[in-house]
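Student: Spelled out, the chains give:
4 protein chains.
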Amino acid sequence: MSISSMQDLLADFADRRDWNRYHTPKNLAMALAGEAGELAAEFQWLEQDEAFRVMDDPEKAKAVRLEMADVLSYLLRMATVLDIDLEAALKEKVAINEDRFPPRSS
Amino acid sequence: MSISSMQDLLADFADRRDWNRYHTPKNLAMALAGEAGELAAEFQWLEQDEAFRVMDDPEKAKAVRLEMADVLSYLLRMATVLDIDLEAALKEKVAINEDRFPPRSS
Amino acid sequence: MSISSMQDLLADFADRRDWNRYHTPKNLAMALAGEAGELAAEFQWLEQDEAFRVMDDPEKAKAVRLEMADVLSYLLRMATVLDIDLEAALKEKVAINEDRFPPRSS
Amino acid sequence: MSISSMQDLLADFADRRDWNRYHTPKNLAMALAGEAGELAAEFQWLEQDEAFRVMDDPEKAKAVRLEMADVLSYLLRMATVLDIDLEAALKEKVAINEDRFPPRSS
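Protein chains in written order, with UniProt numbering: chain A, 1 to 106; chain B, 1 to 106; chain C, 1 to 106; chain D, 1 to 106.
Hints may contain errors.
The list cannot tell twin chains apart, which means a pair is met if one copy fits it or any two copies do.
Straight-line distance between alpha carbons at most 20 Å, and here's what the computed SDA-like set of lysine to any residue pairs gives [stated by the list, open to error]:
1) K60 <-> E47
2) K91 <-> M1
3) K93 <-> L82
4) K62 <-> N97
5) K60 <-> D18
6) K60 <-> E50
7) K62 <-> D49
8) K93 <-> S4
9) K62 <-> T80
10) K93 <-> T80
11) K91 <-> I3
12) K91 <-> D15
13) K91 <-> T80
14) K60 <-> D49
15) K91 <-> Q7
16) K93 <-> I3
17) K91 <-> S4
18) K62 <-> A14
19) K60 <-> E42
20) K60 <-> W45
21) K62 <-> A88
22) K93 <-> D83
23) K60 <-> L46
24) K60 <-> K93
25) K62 <-> E42
26) K62 <-> K91
27) K93 <-> E42
28) K91 <-> P103
29) K62 <-> P102
Because the hints were derived from the structure by calculation, they are not lab data.
Just chain A, with the same shape it has in the complex (with noise of 0.2 Å):
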């Protein structure tokens, strides 16, 4: 599935609920950095290795699929109501970091 499909999904799905009047750009904004918080929440107290190991309980493995789904529902959103193209997006920070991070000579 493309990133464009699943917009399109994500965008019929609002469409028929009467939700484009809820996600403007500042409360997608807002709303994407709710669900990163709560992300982050997952991991706050774990060491590193019981980080790795998350998906090793169904339950919190459940709770940090969806919760990165909901990060990944908002950041298409924003693209779609900002018309941005995320891939192109990508391919421009990646060619920024190659000249900011030159790989280590082998």
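Fit chains B, C and D to the given chain A structure using the hints.
Tutor: Only chains B, C and D this time, still in chain A's reference frame:
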């Protein structure tokens, strides 16, 4: 470009810089919260209608685009290190929300 | 109640539960981001004027109050474990902002 | 300096810059999430023991101190505009946690 191709691109980028030791689930969750906070900061003093026009200003547009790319990058890296299928997670979440929030009757 | 009295109260609370091992600077910074995200979530779909009236609803008022207390708690715990004088930090920041943002001429 | 004196200092600072129109509850909640994200970013790649030593580096120490001051500032501004007694809220939360998390028997 599929989600998994993007993950491969970022995994390769991290590999070539020896960054895998930093890219633990806990650190990535923290970095994601940081980037989501920076993205929110782009919108914090804007009125709703100003936020819709944020992409009209080339400098602000670039800032928003790159912050969104940062959020996406850390989300994809988390999916990789935790071996989470983001597309499946999104569908799982949408199915839950289909039940929780039935569409308006037409 | 002074900032330092609040810090003492929370330090004692953590001591009696053997929570100091969890209250590392990194974990507390993560927990603070999590709580700030949850606080933002209380306001994400509200219009500006609705947000001003959030304290009129007893249930929402309690949620906002307790989320703000959570943010304050983790900030105070961070100040304790990093030995930071929050009052001095606030004054330092205000002095910087006095220079950066001169008041309107009257 | 009491919490309320700090609030007065910041209220006066905002008044003299005509910033009250920006300092709405929604905007402040968003700004708080942004600053909490920036504070988290100071710690995201650090190991737990490195994070304890963050104040040994004068430049990093200043960054952490000022980010914490920013979080405190927006929290205090929110308390002012929503007319919330932060000290009472903290005590309310501590009382709830006293019940939820009984101290270890000694």
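Student: Against this structure, judge whether each hint is valid.
Tutor: Verification of the hints:
Taking CA atoms no more than 20 Å apart as the test, K60 paired with E47 passes inside one copy only; the shortest distance there is 15 Å, against 23 Å between copies. In this homomeric assembly, K91 and M1 come within 20 Å of each other (Cα to Cα) both inside a single copy, at 19 Å, and across copies, at 11 Å. For a Cα distance limit of 20 Å, the shortest separation of K93 from L82 inside one copy, 18 Å, qualifies, whereas the shortest one across copies, 23 Å, does not. Proximity of K62 and N97 under a CA criterion of 20 Å is satisfied inter-copy only: 15 Å between copies versus 32 Å inside one chain copy.
Taking the closest pair of Cα atoms, K60 and D18 never come within 20 Å of each other, the shortest separation being 32 Å inside a single copy and 24 Å across copies. In this assembly of identical chains, the alpha carbons of K60 and E50 lie at most 20 Å apart only when taken from the same copy (12 Å versus 28 Å across copies). When the C-alpha separation of K62 and D49 is checked against a cutoff of 20 Å, the pair qualifies only within one copy, where the shortest distance is 19 Å, while the shortest distance between copies is 30 Å. In this assembly of identical chains, K93 and S4 lie within 20 Å of each other by CA distance both inside one copy and across copies; the values are 19 Å within and 17 Å between.
For the identical chains of this complex, K62 and T80 are inter-copy neighbours only, at 16 Å across copies versus 27 Å inside a copy, given an alpha-carbon limit of 20 Å. When the C-alpha separation of K93 and T80 is checked against a cutoff of 20 Å, the pair qualifies both within a copy, at 19 Å, and between copies, at 19 Å. Proximity of K91 and I3 under a CA criterion of 20 Å is satisfied in both settings, with 14 Å inside one chain copy and 13 Å between copies. Proximity of K91 and D15 under a CA criterion of 20 Å is satisfied inter-copy only: 17 Å between copies versus 30 Å inside one chain copy.
For the identical chains of this complex, K91 and T80 are neighbours both inside a copy (18 Å) and across copies (18 Å), given an alpha-carbon limit of 20 Å. In this homomeric assembly, K60 and D49 come within 20 Å of each other (Cα to Cα) only inside a single copy, at 15 Å, whereas the closest approach across copies is 26 Å. Taking the shortest alpha-carbon separations for K91 and Q7, both the intra-copy value of 18 Å and the inter-copy value of 12 Å come in at or below 20 Å. With identical chains, the CA atoms of K93 and I3 are at most 20 Å apart both within one copy (17 Å) and between copies (16 Å).
In this assembly of identical chains, the alpha carbons of K91 and S4 lie at most 20 Å apart whether taken from the same copy (16 Å) or from different copies (14 Å). For the homomeric pair K62 and A14, neither the shortest alpha-carbon distance inside one copy (23 Å) nor that between copies (27 Å) is at most 20 Å. In this assembly of identical chains, the alpha carbons of K60 and E42 lie at most 20 Å apart only when taken from the same copy (8 Å versus 24 Å across copies). With identical chains, the CA atoms of K60 and W45 are at most 20 Å apart within one copy only, with a shortest distance of 13 Å there and 23 Å across copies.
For the identical chains of this complex, K62 and A88 are inter-copy neighbours only, at 12 Å across copies versus 30 Å inside a copy, given an alpha-carbon limit of 20 Å. For the homomeric pair K93 and D83, the shortest alpha-carbon distance inside one copy (17 Å) is at most 20 Å, but the shortest distance between copies (23 Å) is not. In the homo-oligomer, the alpha carbons of K60 and L46 lie at most 20 Å apart inside one protomer (12 Å), although the nearest pairing across protomers, at 24 Å, exceeds that limit. In this assembly of identical chains, the alpha carbons of K60 and K93 lie at most 20 Å apart only when taken from different copies (15 Å versus 32 Å within one copy).
Taking the shortest Cα distances, K62 and E42 sit within 20 Å of each other inside one copy (11 Å), while across copies they are farther apart (23 Å). For the identical chains of this complex, K62 and K91 are inter-copy neighbours only, at 13 Å across copies versus 30 Å inside a copy, given an alpha-carbon limit of 20 Å. For the homomeric pair K93 and E42, the shortest alpha-carbon distance between copies (17 Å) is at most 20 Å, but the shortest distance inside one copy (27 Å) is not. Taking identical chains as interchangeable, the C-alpha atoms of K91 and P103 lie at most 20 Å apart only when both belong to the same chain, with a minimum of 17 Å there against 36 Å between chains.
Taking the closest pair of Cα atoms, K62 and P102 never come within 20 Å of each other, the shortest separation being 37 Å inside a single copy and 22 Å across copies.
Hints 5, 18, 29 from the earlier list are contradicted by this structure; the remaining hints agree with it.
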